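> As a plain string of letters, each chain reads:
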Amino acid sequence: MRVELDEPKCVASGQCVMAAPEVFDQRDEDGIAFLLEEKPAADSLDDVREAVAICPAAAIRLVEQ
Amino acid sequence: MRRIVVVGASAAGLAAVETLRREGYDGTLTLVGDEPWTPYDRPPLSKQLLAAEWEPDRLALRTPDDLAGLGLDLRLGVAATGLELADRTVTLADGSDVPYDGLIVATGVRPRRLPGEGAHVLRTLDDALMLRERLTPGRRLVVVGAGFLGAEAAAVAWRLGAHVTLLEPAPVPLAHAVGTEVGQVLSRAHVDRGVDLRCGVTVIEVTEDGVRLADGEVIDADEVLVAVGSLPNTEWLDGSGLAVGDGVVCDEFCEAARNVYAAGDVARWYNPLFGTSMRIEHRTHAAEQGMAAARNLLHPKARKPFAPVPYFWSDQYDMKIQAYGFLRGHDEVAVVDGDLAERRFVAVYRTGDRVSGALAVGMPPKAIRLWRQAIAAGAAWSESVRTEVPATGA
Numbered sequence: 001m002r003v004e005l006d007e008p009k010c011v012a013s014g015q016c017v018m019a020a021p022e023v024f025d026q027r028d029e030d031g032i033a034f035l036l037e038e039k040p041a042a043d044s045l046d047d048v049r050e051a052v053a054i055c056p057a058a059a060i061r062l063v064e065q
Numbered sequence: 001m002r003r004i005v006v007v008g009a010s011a012a013g014l015a016a017v018e019t020l021r022r023e024g025y026d027g028t029l030t031l032v033g034d035e036p037w038t039p040y041d042r043p044p045l046s047k048q049l050l051a052a053e054w055e056p057d058r059l060a061l062r063t064p065d066d067l068a069g070l071g072l073d074l075r076l077g078v079a080a081t082g083l084e085l086a087d088r089t090v091t092l093a094d095g096s097d098v099p100y101d102g103l104i105v106a107t108g109v110r111p112r113r114l115p116g117e118g119a120h121v122l123r124t125l126d127d128a129l130m131l132r133e134r135l136t137p138g139r140r141l142v143v144v145g146a147g148f149l150g151a152e153a154a155a156v157a158w159r160l161g162a163h164v165t166l167l168e169p170a171p172v173p174l175a176h177a178v179g180t181e182v183g184q185v186l187s188r189a190h191v192d193r194g195v196d197l198r199c200g201v202t203v204i205e206v207t208e209d210g211v212r213l214a215d216g217e218v219i220d221a222d223e224v225l226v227a228v229g230s231l232p233n234t235e236w237l238d239g240s241g242l243a244v245g246d247g248v249v250c251d252e253f254c255e256a257a258r259n260v261y262a263a264g265d266v267a268r269w270y271n272p273l274f275g276t277s278m279r280i281e282h283r284t285h286a287a288e289q290g291m292a293a294a295r296n297l298l299h300p301k302a303r304k305p306f307a308p309v310p311y312f313w314s315d316q317y318d319m320k321i322q323a324y325g326f327l328r329g330h331d332e333v334a335v336v337d338g339d340l341a342e343r344r345f346v347a348v349y350r351t352g353d354r355v356s357g358a359l360a361v362g363m364p365p366k367a368i369r370l371w372r373q374a375i376a377a378g379a380a381w382s383e384s385v386r387t388e389v390p391a392t393g394a
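Chains A and B, in that order, give the protein sequences. One point on numbering: in our numbering, the residue at position 60 of the first sequence is 60, and numbering is uninterrupted. One point on numbering: in our numbering, the residue at position 332 of the second sequence is 332, and numbering is uninterrupted.
Here chain A stands alone, though its shape is the one from the complex:
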């Protein structure tokens, strides 16, 4: 599974960082999210799904590859 982040949609809420801190972080200057891990380990996938569900901008997708 691969994580896709639509950066222009991100509203810098940081909800993904709280849901899956091993996969997401935020830039200091504007809070926009970035990926630490594009292909998260299997034991992180539930956290990533939580981040997908909680993202207020619907900016995260988890896609099969």
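These are computed hints drawn from the structure, not numbers from a lab. Keep in mind that this is a model prediction, so the values were computed, not measured. No residue lacks a Cβ here, since even glycine has one placed at the ideal position from N, Cα and C. Any given hint could turn out to be false.
Stated by the list, open to error - To list a few chain A residues with every Cβ distance to chain B over 12 Å, as calculated:
{"id": "1", "residue": "1"}
{"id": "2", "residue": "2"}
{"id": "3", "residue": "36"}
Stated by the list, open to error - For lysine-lysine, the following PhoX-like pairs were computed, each having C-alpha atoms within a straight-line distance of at most 20 Å:
{"id": "4", "chain 1": "B", "residue 1": "366", "chain 2": "B", "residue 2": "320"}
{"id": "5", "chain 1": "A", "residue 1": "9", "chain 2": "B", "residue 2": "47"}
{"id": "6", "chain 1": "B", "residue 1": "47", "chain 2": "B", "residue 2": "320"}
{"id": "7", "chain 1": "A", "residue 1": "9", "chain 2": "B", "residue 2": "304"}
The hints should help you fit chain B onto chain A, whose structure is shown.
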């Protein structure tokens, strides 16, 4: 449980149906929405969509494929009109009855209006598109209500070249939510740009020419936007036996009656983290509560109290405002980082002896995330905040 009905097809309802499927529920799942659209995102309505930076297709919360993958019995463009708790049936506006074993109410809120015709409100995609069409350079826009929604719309309209007058009944905008000092600082952003902000002004009606104030003065306008708060959509529950009082009244599990839960803007539930009942109209809250309600409905033996730290953000001009916690009713505000006057700061809020909230403008995200942890932990104010004695003299 083989039949679950979720009424309300916005952020909370969507989160609920997705969570039910993710957690293994494979029975009939009906999602009812009164708007004709598949679930879309509302915060951009007063931001990117109003500014014509985004078109409506960018607001879709899920792709058609994602939605199809949920295997929903999707009923869009039809409102729920009644609930029979004893028969476990929801009645829809098209006359159909939908039976359920489990129900999640997520019917949201609608804007409060003022007497008189012709004013805009800003809640739905249609509302936003209608207002956007009228916001051409030089148009005179009166915004009634300088809360977060009114402030965002005023900022966008100013950027589009409209002449904006912002009317607020309170002496200081947002003071009840963020405190007087912070409210003053935020409202100065309007004044700095030439928006005509008038506080302590009560609008009694919308007229053909603009708005009429309580003292009789008429303020002329080409367009009027009324942004004076919301009302929970609970009328369809009248007579159902569900307790309603500024929202659907729920316990700490978001349950309103046996196997009936509520989530999102419409839900008033007891938040054990703050020891009080609350109703929250924030975007992230809707998703969190939709998920929590779905889990508690599906796993009755493993229910968890819903005890979130509410979060919201607001974009106004070049400011991004972010806040965690429950700021209303706070006893004290302290600026712990940055500088109020520069509109770059972190303010924290005290209720009793605990840190109940934090609000940041223009600060790195980590600066406020630490305070979120303090709020979630119920940290004592006296141990978290070093209140400095204000300088006097000179």
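> Return the numbers of the hints above that this structure violates; sort them in rising order.
7
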